[in-house]
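Q: According to my numbering, the sequence shown is numbered sequentially starting from 1477.
Don't read these hints as lab results, they were simulated from the structure. Be aware that one or more of the hints could be misleading.
As the list claims (entries may be wrong) - In the DSSO-like style, the derived pairs of lysine-lysine whose C-alpha atoms are separated by at most 30 Å in a straight line are:
{"#": "1", "residue 1": "K1540", "residue 2": "K1572"}
{"#": "2", "residue 1": "K1510", "residue 2": "K1607"}
{"#": "3", "residue 1": "K1603", "residue 2": "K1633"}
{"#": "4", "residue 1": "K1500", "residue 2": "K1687"}
{"#": "5", "residue 1": "K1603", "residue 2": "K1565"}
{"#": "6", "residue 1": "K1657", "residue 2": "K1614"}
{"#": "7", "residue 1": "K1550", "residue 2": "K1565"}
{"#": "8", "residue 1": "K1614", "residue 2": "K1550"}
{"#": "9", "residue 1": "K1565", "residue 2": "K1687"}
Since this is a predicted model, take the numbers as computed values, not measurements.
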Amino acid sequence: SKKAWMKARFADGLVFKKGDVRGKVFIEYIPAEKAWCPIIAEEYMFINCLWVSGQYKGQGISNKLLNECIIYSKNKGKKGLVILSSDKKRSYLTDKKYLIHKGFLIADRAEPYYELLYLPFKDGESKPSFKSCAKEGKIDEMGFVLYYSNQCPFTAKYVPLVEEIAKSMNINMQVKKYETKEEAQNSPTPFTTYSLFYNGEFITNDILSEKKFIKILEENQDYSKVEV
């Protein structure tokens, strides 16, 4: 579960800060060397998740959480912050427009749409990068391959759902769970929470519901319409 995953990460320096409201508003960060992400970012702080539910957007809560992270990271002697984003607004990835507005710079890119952004605390700091294993968005295995971890609470619910659908339709699907940071740091794709591949090509990082998964099946294989 997400709670168990977090509990095990606190020893690695994970910080979880909730906003001063009842809804889902929080920031989660960890020293980049311990991040479950295939990056090279020594002495940076990696923001694992910055989540502000819709009703709380536009109230300055993201800014407050980010500022607390900056202060904490500076006090820990970090070079800056690093975060995973994308070319445009996408599910489960922090909005690039917001990050650029806050002074973040693009450090690196990975196929098909990932961007690594960083906020150096001083000029001339080394630029973080993706590891080469995560750059191409390709794997060798054929069929559907789903990589995931317990970094997000939704995977515990939705991964078994798509497994069941694949099984019921006799679809070849491998499910690979990251159990350690070393596994995640050598991932074939930057987003280690959830990544679906088909015939070696990256498909999506969106944590799929039944309907979304069936739509992908229809787009990628010659399946007749399936009712959910």
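Q: Check the hint pairing K1565 with K1687 against an upper bound of 30 Å on the C-alpha distance.
A: holds, 21 Å
Q: Between the alpha carbons of K1510 and K1607, is the straight-line distance 30 Å or under?
A: OK: K1510 and K1607 at ~14 Å, within 30 Å.
Q: Would you check the hint for K1603 and K1565, treating anything up to 30 Å between C-alpha atoms as holding?
A: OK: K1603 and K1565 at ~23 Å, within 30 Å.
Q: Between the alpha carbons of K1614 and K1550, is the straight-line distance 30 Å or under?
A: It is violated: about 36 Å lies between the C-alpha atoms, which goes past 30 Å.
Q: Between K1603 and K1633, does the CA-CA distance stay at or below 30 Å?
A: violated, 37 Å
Q: Given the hinted pair K1540 and K1572, is their alpha-carbon gap at most 30 Å?
A: holds, 18 Å
Q: Measure nothing beyond the straight line between the CA atoms of K1500 and K1687; if it is 30 Å or shorter, mark the hint as holding.
A: holds, 24 Å
Q: Does the alpha-carbon distance linking K1550 and K1565 stay inside the 30 Å limit?
A: holds, 28 Å
Q: Quickly compare the C-alpha distance for K1657 and K1614 to 30 Å and report which way the hint goes.
A: holds, 20 Å
Violated hints, listed in ascending order, are 3 and 8; each of the other numbered hints is respected by the structure.
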